[in-house]
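Dock chain Y against the given chain E, drawing on the hints supplied.
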Amino acid sequence: MAKISLIVNGNPVTANVDPRTLLVQFLRENLHLTGTHVGCDTSQCGACVVHLDGKAVKSCTTLAVMADGHEVRTIEGLAADGAPLHPMQEAFREHHGLQCGFCTPGMIMTAIDIVHRKGHELDDHTIREELEGNLCRCTGYQNIVASIAAGAKAMAKSDLA
Amino acid sequence: MYEFKYHRPGTVRQAANLLVKNEDAKVIAGGHTLIPVMKQRLASPPHLVDLSHIEGLDTIEMKGRSLVIGATAKHADVATSAVVGEAIPALASLAGGIGDPAVRHKGTIGGSLANNDPTADYPAAVLALGATIVTNKRRLKAEEYFQGLFTTALEADEIITKVMFPLPKKAAYIKFRNQASRYALVGVFVARRPSDVRVAVTGAGSEGVFRVTAFEEALKKRFSSKVLDGIDVPAEGLNSDIHGSAEYRAHLIGVLTRRAVDAANAKE
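Protein chains in written order, with this note's numbering: chain E, 1 to 161; chain Y, 162 to 429.
Do not take every clue at face value.
Capping the alpha-carbon separation at 25 angstroms, the derived lysine-lysine pairs in BS3-like fashion look like this [claimed, not checked]:
#, chain 1, residue 1, chain 2, residue 2
1, Y, LYS182, Y, LYS298
2, Y, LYS302, Y, LYS331
3, Y, LYS182, E, LYS3
4, Y, LYS200, E, LYS3
To be clear, the hints were calculated from the coordinates, so they are not data collected in a lab.
This structure is a prediction, so every number in the text was calculated from the model and none was measured.
Chain E extracted, bound-state conformation:
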């Protein structure tokens, strides 16, 4: 077993884990943060995307021990319980950027990462290129792209990053 200490959604967490525990397993099974999904489990689909030190990564291809001493943010960390949604979440709701919802947490974490890197004015081409690592099997992406463009603009006016 290995002892790890990290910050998850602003809260310090310490745990003993088997070194082969994936970050996504640790989040879901130890911390019960089940918003982060396992889709393909082969780093292709992006359902497991979380932010590690502020950057989008695939938590199915990261060991929990590798996150020791680092900061993780999941979909649950975007807005407090009962508080208004994060502007990117709100944009997905408003623009119907989901159908079954399975890919949505990963889509939203990736979308916020895109905004951090590319700014608030995103054209469709940029968004589609940047979504290379996130698969949706329902929507055909049209409304996801519209949601991200709107969410990016809304984030400029929000306190939530």
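Relative to chain E, chain Y alone:
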């Protein structure tokens, strides 16, 4: 995934000692090759030595006439580095086309080169630019470093520390992606160097990355895609699978080399 012991050394020397002490230990940095194969149980190292917390191993800088990239520099760092963009823009563009944004936040240049996947992008750049692989033990020229599929000159306790790229006059990398996996079905890196021209191909060769000397000789005389007319790449020794026949890949090498030469010339 089978059980293993995890080590997090603070220096390259400590990491090398761990490799000497623990037989069959594997180095991990971004983990984007090793973790997937461990999940599939194709690899089951009893020890993992994590390089990702060694300070200074991801530095990107100019040293004299060479661009020096630390082994744990991530693809996203190389893609967005102003130093790389200024020195060898083709290399920045190559790094920005590996995998997807989340993969680029974790995957490292050292990991890509140590693994030497036959469809990886970096080997083409290293071979075409005539880069030097620096390890904790020695310096290896690109030509001696790559030794076939997933095979390199690295010894069991040898760790890549940095890669030194001499600056080319012009360069470009063009890849044709497999539509499903998005890996290079064929990728061609063309570099016009001060003394010669090099054309390196990834994705196509059954022995991994290789050079196309017939193209290189023609391009050395005149660096224009026109001089390639009439020179065919033999299909012999190229991969043939459900994604494309050897003949198709041979054809693509010609097409992509022309595009790469045109792209390199357009950058002036």
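Just to be careful, I want the Cα atoms of Y/LYS200 and E/LYS3 compared with a cutoff of 25 angstroms; is the pair within it? At roughly 22 angstroms apart (the allowed maximum being 25 angstroms), E/LYS3 and Y/LYS200 satisfy the hint.
Can you confirm whether the C-alpha distance between Y/LYS302 and Y/LYS331 stays at or below 25 angstroms? holds, 20 angstroms
If you draw a straight line from the CA of Y/LYS182 to the CA of Y/LYS298, is it 25 angstroms or shorter? Answer holds: Y/LYS182 to Y/LYS298 is near 17 angstroms, not above 25 angstroms.
Are the Cα positions of Y/LYS182 and E/LYS3 separated by 25 angstroms at most? holds, 23 angstroms
Consistency note: the structure conflicts with none of the earlier hints.
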